[in-house]
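Novice: What follows is each chain in one-letter form.
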Amino acid sequence: MIRTEGLTKNFGGLRVLKGVSEHIKPNEVVSVIGPSGSGKSTFLRCLNLLERPDAGSIYFEGVEITRRGIDIDRHRQKMGMVFQLFNVFPHLTVERNITLAPVLSGKKTKAEAAEQARVLLDRVGLLDKLDEHPNRLSGGQKQRLAIVRALAMEPDVMLFDEPTSALDPEMVGEVLQVIKGLVKSGMTTIIVTHEMGFAREVSDRVLFMDDGVIAEQGTPEQIFGNPQNPRTKEFLSKVLY
Amino acid sequence: MWSGIGDKLVRIVARYHGLFLEGIGMTLLLSAITVLLGVVLGSFIALLKMSKFRPVSWLATIYIEIIRGTPLLLQLYFFYFVVPEALKFIEFNKFTSVAAALALNSAAYIAEIIRGGIQSVDRGQTEAARSLGLTSRQTMWEIVFPQAVKNILPSLCNEFVMVIKETSLASTFFVGDLMTQFKTIQGITYLSFEPLIVVGAIYFVMTFLLSKLVAAYERRLKASD
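These protein sequence lines map, in sequence, to chains A and B.
Under the numbering used here, the first residue of the first sequence carries the number 367, and numbering increases by one thereafter.
Under the numbering used here, the first residue of the second sequence carries the number 352, and numbering increases by one thereafter.
Chain B extracted, bound-state conformation:
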């Protein structure tokens, strides 16, 4: 397995670098779409969960718990096989199915991140704002949310790192992400070890760099406290 490994790695990268780059692009695109949609949906779900109207809050809780309590791969299968059948009037292709599943999954986690961030803002802040006569909406936008963002942003960036790794599950459906490229190259070359090393290294570099960026960013936020 180890004989001439360096040589093989170099040859694989040289011959298939186009595929790897495509895979990186697709993985990042899928991750970005997932997190962006996840933030929009997640904010909405967080608002529902914080609703004083119990049934609405329960609905959000049920959603979050189901998503967090079942495997992502199962959810991907569900959106790949079941949802397009059920929603025939919507045109699903592989990409939209996978992106929808990833986004709806991420939304549950992001909802909890946002809710946690908002609830970590001291109650006294809300009380002070309300005592000045601000409406609950003004209090949310002017006082609570700007302070919550400081807690939310770093966790959101970490979620992005998590999503990058999770998109590899989408390769089950050959959507062209980085992990799909591994399967492709494996199929062509009958090699597993070497392309795995290359793909693993790429994932590691991407997530490692991002994590470091987030950490640096967090330090800057802390410094401005």
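Only chain A is shown next, with the shape it has when bound in the complex:
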């Protein structure tokens, strides 16, 4: 579904990604873990070209989206993204947050989009917030809104960039619950996270990133139960209790 070849990204003089080649298959759930600054967020943000890689290529559903002159907006519509800081639109109601993109892209009529917004909000327990503005929502509610906003475009893959890192501890559970439901429904999911327990529970595959490369990867059992790379061991010994 998504394939990268030799993905490289520099920020100023700093090389954050040092040639990442990876293949994410349909319906796969992949967690990306690793120390901060290891390039995991940058890797995720390259996948929908929020960051433009300096070298290497990305294929999404068979199309090379890193090619010059490609209509990236059309492909992004198929890749939902959820951010650490929610990035809900504060000037729009909860409903408009969800309906904006489907209507603007011509995917849905206003009525269809409004109906879909109700269904989605109901699913994450926010139907009563339909006409509120996001500033009336808690962090956990904002993130749930951000998730259904992405789902409204009916994406083929969902990218999560540390979706619970900015949440108060008591709100982490409600957001993870929503993601878990999504994963169960068979959504192809890539999630950058520091929630090791969650990664272990929901992932088909875990990528451990360190210093701009995927240092080790495997099933959650392999990575968490029997890591081979000393860096993986060191990292997990620090974050696991």
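To be clear, the hints were calculated from the coordinates, so they are not data collected in a lab.
A hint or two may mislead.
[Unchecked claim] With a cut-off of at most 25 Å between alpha-carbon atoms, the simulated DSS-like pairs for lysine-lysine come out as follows: (1) A/Lys391 <-> A/Lys444; (2) A/Lys474 <-> A/Lys444; (3) B/Lys563 <-> A/Lys495; (4) B/Lys501 <-> B/Lys439; (5) A/Lys474 <-> A/Lys495; (6) B/Lys501 <-> A/Lys495.
Guided by the hints, dock chain B onto chain A, whose structure is given.
Specialist: The following block gives chain B in isolation, referenced to the frame of chain A:
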């Protein structure tokens, strides 16, 4: 200087209130035209300055820096004496020269206000919109600009207050603004102090009221956040 001052003030206002009113009208008209044209031109310059194409962005920067780095009075002289000579095919009168200079001056400041407002909108907003597949234009109009307006409008109103005061420089060319009326009345009565007091009071009341309105408006915007 102070003897019978109240008396003289009353007499000046009574005799010349028509001139003062005309001056107020002209000052407000000149200010309104300046800010309106300034917004149109300023938006355009702000867009140029934010362009990813470096030469275009430099051009806008050069314009803004020259305007901000030279006195407005010099710019007024330039448009009064030099520009009509250079652009003979356009009919310039005193008013258009002065209005053009004021508007082009204000445009530079307004461009920075607009650019600042747009850039103060969190980058995450753009990223979220683009990740949903919105085009950069849709992102600008639906997401960034509506949020930027909240930052831009109060500063724009303050610019209007500034412009009201700056139009007084246009009196150098006797365009009939409030400051021109002072010169006129000074010429007739040989009085300086009293008409200055009256004109100063009028400027103060206009800008003070406007500032208060802007402040109240800002509080309302904040409340809706």
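Novice: Please flag the earlier hints that this structure goes against, numbers listed from lowest up.
Specialist: Violated hints: 3 and 4; rest satisfied.
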